[in-house]
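K.L.:
Take a look at the letters that make up each chain.
Number of protein chains: 4
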Amino acid sequence: MSGNVRVTIWNEYRHELKDEAVRNIYPQGIHAVLAEALGTEFAVRTATLDEPEHGLTEEVLNETDVLVWWGHMAHKEVQDEIVERVYQRVLAGMGLIVLHSGHFSKIFKKLMGTSCDLKWREAGDKERLWVVSPGHPIVQGIGEYIELEQEEMYGEHFDIPEPDELVLVSWFEGGEVFRSGCCFKRGLGRIFYFRPGHETHPTYYNEGVRRIIANSVRWAAPTGDSKPKYGRYIPSLEPIKDKGSV
Amino acid sequence: MSGNVRVTIWNEYRHELKDEAVRNIYPQGIHAVLAEALGTEFAVRTATLDEPEHGLTEEVLNETDVLVWWGHMAHKEVQDEIVERVYQRVLAGMGLIVLHSGHFSKIFKKLMGTSCDLKWREAGDKERLWVVSPGHPIVQGIGEYIELEQEEMYGEHFDIPEPDELVLVSWFEGGEVFRSGCCFKRGLGRIFYFRPGHETHPTYYNEGVRRIIANSVRWAAPTGDSKPKYGRYIPSLEPIKDKGSV
Amino acid sequence: MSGNVRVTIWNEYRHELKDEAVRNIYPQGIHAVLAEALGTEFAVRTATLDEPEHGLTEEVLNETDVLVWWGHMAHKEVQDEIVERVYQRVLAGMGLIVLHSGHFSKIFKKLMGTSCDLKWREAGDKERLWVVSPGHPIVQGIGEYIELEQEEMYGEHFDIPEPDELVLVSWFEGGEVFRSGCCFKRGLGRIFYFRPGHETHPTYYNEGVRRIIANSVRWAAPTGDSKPKYGRYIPSLEPIKDKGSV
Amino acid sequence: MSGNVRVTIWNEYRHELKDEAVRNIYPQGIHAVLAEALGTEFAVRTATLDEPEHGLTEEVLNETDVLVWWGHMAHKEVQDEIVERVYQRVLAGMGLIVLHSGHFSKIFKKLMGTSCDLKWREAGDKERLWVVSPGHPIVQGIGEYIELEQEEMYGEHFDIPEPDELVLVSWFEGGEVFRSGCCFKRGLGRIFYFRPGHETHPTYYNEGVRRIIANSVRWAAPTGDSKPKYGRYIPSLEPIKDKGSV
Numbered sequence: 001m002s003g004n005v006r007v008t009i010w011n012e013y014r015h016e017l018k019d020e021a022v023r024n025i026y027p028q029g030i031h032a033v034l035a036e037a038l039g040t041e042f043a044v045r046t047a048t049l050d051e052p053e054h055g056l057t058e059e060v061l062n063e064t065d066v067l068v069w070w071g072h073m074a075h076k077e078v079q080d081e082i083v084e085r086v087y088q089r090v091l092a093g094m095g096l097i098v099l100h101s102g103h104f105s106k107i108f109k110k111l112m113g114t115s116c117d118l119k120w121r122e123a124g125d126k127e128r129l130w131v132v133s134p135g136h137p138i139v140q141g142i143g144e145y146i147e148l149e150q151e152e153m154y155g156e157h158f159d160i161p162e163p164d165e166l167v168l169v170s171w172f173e174g175g176e177v178f179r180s181g182c183c184f185k186r187g188l189g190r191i192f193y194f195r196p197g198h199e200t201h202p203t204y205y206n207e208g209v210r211r212i213i214a215n216s217v218r219w220a221a222p223t224g225d226s227k228p229k230y231g232r233y234i235p236s237l238e239p240i241k242d243k244g245s246v
Numbered sequence: 001m002s003g004n005v006r007v008t009i010w011n012e013y014r015h016e017l018k019d020e021a022v023r024n025i026y027p028q029g030i031h032a033v034l035a036e037a038l039g040t041e042f043a044v045r046t047a048t049l050d051e052p053e054h055g056l057t058e059e060v061l062n063e064t065d066v067l068v069w070w071g072h073m074a075h076k077e078v079q080d081e082i083v084e085r086v087y088q089r090v091l092a093g094m095g096l097i098v099l100h101s102g103h104f105s106k107i108f109k110k111l112m113g114t115s116c117d118l119k120w121r122e123a124g125d126k127e128r129l130w131v132v133s134p135g136h137p138i139v140q141g142i143g144e145y146i147e148l149e150q151e152e153m154y155g156e157h158f159d160i161p162e163p164d165e166l167v168l169v170s171w172f173e174g175g176e177v178f179r180s181g182c183c184f185k186r187g188l189g190r191i192f193y194f195r196p197g198h199e200t201h202p203t204y205y206n207e208g209v210r211r212i213i214a215n216s217v218r219w220a221a222p223t224g225d226s227k228p229k230y231g232r233y234i235p236s237l238e239p240i241k242d243k244g245s246v
Numbered sequence: 001m002s003g004n005v006r007v008t009i010w011n012e013y014r015h016e017l018k019d020e021a022v023r024n025i026y027p028q029g030i031h032a033v034l035a036e037a038l039g040t041e042f043a044v045r046t047a048t049l050d051e052p053e054h055g056l057t058e059e060v061l062n063e064t065d066v067l068v069w070w071g072h073m074a075h076k077e078v079q080d081e082i083v084e085r086v087y088q089r090v091l092a093g094m095g096l097i098v099l100h101s102g103h104f105s106k107i108f109k110k111l112m113g114t115s116c117d118l119k120w121r122e123a124g125d126k127e128r129l130w131v132v133s134p135g136h137p138i139v140q141g142i143g144e145y146i147e148l149e150q151e152e153m154y155g156e157h158f159d160i161p162e163p164d165e166l167v168l169v170s171w172f173e174g175g176e177v178f179r180s181g182c183c184f185k186r187g188l189g190r191i192f193y194f195r196p197g198h199e200t201h202p203t204y205y206n207e208g209v210r211r212i213i214a215n216s217v218r219w220a221a222p223t224g225d226s227k228p229k230y231g232r233y234i235p236s237l238e239p240i241k242d243k244g245s246v
Numbered sequence: 001m002s003g004n005v006r007v008t009i010w011n012e013y014r015h016e017l018k019d020e021a022v023r024n025i026y027p028q029g030i031h032a033v034l035a036e037a038l039g040t041e042f043a044v045r046t047a048t049l050d051e052p053e054h055g056l057t058e059e060v061l062n063e064t065d066v067l068v069w070w071g072h073m074a075h076k077e078v079q080d081e082i083v084e085r086v087y088q089r090v091l092a093g094m095g096l097i098v099l100h101s102g103h104f105s106k107i108f109k110k111l112m113g114t115s116c117d118l119k120w121r122e123a124g125d126k127e128r129l130w131v132v133s134p135g136h137p138i139v140q141g142i143g144e145y146i147e148l149e150q151e152e153m154y155g156e157h158f159d160i161p162e163p164d165e166l167v168l169v170s171w172f173e174g175g176e177v178f179r180s181g182c183c184f185k186r187g188l189g190r191i192f193y194f195r196p197g198h199e200t201h202p203t204y205y206n207e208g209v210r211r212i213i214a215n216s217v218r219w220a221a222p223t224g225d226s227k228p229k230y231g232r233y234i235p236s237l238e239p240i241k242d243k244g245s246v
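Protein chains in written order, with full-length UniProt numbering: chain A, 1 to 246; chain B, 1 to 246; chain C, 1 to 246; chain D, 1 to 246.
With the rest of the complex left out, here is chain A (with noise of 0.2 Å):
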């Protein structure tokens, strides 16, 4: 069934183009290695940021199961009107993962009603992901950890809603611990925030953050139920006594 499932990899796709270090890692962009990772076994496309509409249309979202956000330098760019259409298609049952500094995008901010603030280092710390929830299908298939010799830190506190599950737990060689791998739930839609790819290192060519990724957007795909109805809603579905002051 995943074979049908629809993946849009979003990509600010800046770095890449203005820096030359980034590029050799990423020549045709984080984006590409990522539909490179996803596409044995789903639908990918791709969007980015200076696309019209950020590539990311009524049309293009409507067709799209699980959204993926990689962005840093520009969150600032995504117009809001944009940011809106993503969080209705969430809320009406989109999955959404949320990748390393995509935590600070306005979309991740708007779903979690909080700073989701952070501390940070770009000093190449070695990172450890930790399995805290064993058995959970994000990490199937991943063994007790993931250790990723170069990576910029991310520290606690992470100004976010406690998570609805916590999956994974990262350790920093220079003496930091983070929430890496956080599932939350918003509306119909499932969201998950992984932590790893800063854009200076080759974490997206890693096979167990691949995998991590894979699993998780089979994880968010929508399971197609219908919408829940809201507002007023009549007559009651037992009878209630007549109480004049209706």
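The reader is advised that the hints may include incorrect statements.
Identical copies carry no separate label here, and so any pair may be met within one copy or between two of them.
List of simulated lysine-lysine pairs, DSS-like, C-alpha gap at most 25 Å [to be verified]:
(1) K18 to K106
(2) K110 to K227
(3) K227 to K109
(4) K76 to K119
(5) K106 to K76
(6) K126 to K229
(7) K18 to K76
Hints in this document: simulated from the structure, not taken from any laboratory. Note that this is a predicted model, so its numbers are computed, not measured.
Fit chains B, C and D to the known structure of chain A by using the hints.
P.N.:
Leaving out everything else, chains B, C and D in the frame of chain A:
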């Protein structure tokens, strides 16, 4: 210690002025009745929509430990700037008690990250609020349930994130249920949503309802923690190998 | 993939043999009706209390992905050794669906760590199970609620730990509410408690009830993870300074 | 009000008697040091394994608001009858603070419903406990983290149910992480698991550790609620139609 808790009760205060039936129940406004209920234990002040800055100046908020919020017909008139101010205060630790139709207030929706939509019916249903978390401080002194002879019905699905703790669930005469007492944490702030309180019923005179609101104020009062540090974090706490790529 | 899920339906199978009214509803036992309901999608077998080892031999459990449990009048007759065997399998990843009066089974109480007590009344109350988590896989295909014309009432407080996810809440004609669909995780295993199914009502013929049970089996099926490693863990993953005190 | 909280500190008290290195750190036992730490604020008594009924008579427990538990080498010697007694008291509202190796105590495993297993290494790792829920009463007055120069390492996976609230996460020098401060509710009782405190290190003299334990006692103290009613519940609160089948 609760004698030192500084409470600001915010009320839209429009229904009472426009509608005689409401004014008959709350002649000085809902805020006045809540102030009377909470004033025996806490240091209480009130604020209303039509005051300058809605009565929620920087100074007032800085002196507020817990903010109680009742609004309904004029959610849109609350200025975004004031909403942002309240929001920042909650993240910094101020408690927030959201009552009844406040589910649709800008501040509650912003903190939840969802639509906060629900079903409703104004037919004077009997409501029975069952305690599902006995031993929780918010239901201290409440028996097994509170019964309200007439209330507006709110029905599921209530579009909120899964509460951190669910304390009360309502039964309605007309056949619906509702998660009526919900705890959340956002940043350093504790938030309690409490369902009852339609303006055409004398709900805020009910002893059980008043007790729950007072309990929730005590529960939501900040613990005086210092603010976490966010942002660039150098140097590392542990020595890390020089990796060149920094 | 769900065609490969191996389900064992365990039924106490006493009421049906002793009580003609129950036998008229479930002539071959509750397990037979559930087996018929689940057999179209899963590889189903059944087991009952009075079989050797209650039908739950090591071999049977090793070949079970999800165990469905219905018991009531003879909880005490379930041998502790078999309970321990089921318990270890759940921690190792087997799914467990606990139905109705199974709330008082030894295995459920052992996994919850609480009394699992509740209120009850056999008066044929109408029950309406409201979906409070639309979009959850367990309520896929269910609309806003399921209605059962007559059921035993179960009322709060239900003495369980706060569920990891609350999916359904029941309304009862006589004035009570109940958390009717509750998700838990213990070790690697997923557990779903589902309230309806008193033996004197034809509840397991209801299409909605059957659909929820089938959905929950799919949701609870293990993901095939390897077992985490516990115990003494030497050497460290990172070099640590010799500290003499070891 | 916390001056009225009655605390019983239970200690196995075997390591201190058998092992000179431990006795040098805790000459009168771990319980004596904890009693000294908590005695400035609470009404404290102590109890140990080798007292009659392990010092936990019905009378002592009935006069205990919060029980602190440290055990390690003799978990099996704790009588099941006493475990059951403590268990019933927790469900009835007594707070329970489980320290360090108490993760494997009978009472903690019974309340959790899981194996409570973990990884461990006695190598004097540096431990840094990071606050992941600032503003929580249990970390009041604690800054961003507590640092312990030498401690036993505990590593994930820690086989517990998802905590109701996760307050602290540990970083270990040797490369592991651990959920070190975990809140649970069982029945009416609040439970806090707090990791540090290996007998060969002077951990319970650490100011931050002592402060967290004191905070947790205050947080876990019962709120004096009456007991919920369970069992047969007749008549109904609302009139129900006579249905014959009763």
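K.L.:
Confirm or reject each hint.
P.N.:
Each hint, compared with the structure:
Taking the shortest alpha-carbon separations for K18 and K106, only the intra-copy value of 23 Å comes in at or below 25 Å, while the best inter-copy value is 39 Å. With identical chains, the CA atoms of K110 and K227 are at most 25 Å apart both within one copy (21 Å) and between copies (22 Å). For a Cα distance limit of 25 Å, the shortest separation of K227 from K109 qualifies both inside one copy, at 24 Å, and across copies, at 19 Å. Within a single copy, K76 and K119 get their C-alpha atoms as close as 20 Å, which meets the 25 Å cut-off; across copies the closest is 35 Å, which misses it.
Taking CA atoms no more than 25 Å apart as the test, K106 paired with K76 passes in both settings, with 8 Å inside one copy and 22 Å between copies. Taking the shortest alpha-carbon separations for K126 and K229, only the inter-copy value of 22 Å comes in at or below 25 Å, while the best intra-copy value is 49 Å. In this assembly of identical chains, the alpha carbons of K18 and K76 lie at most 25 Å apart only when taken from the same copy (18 Å versus 42 Å across copies).
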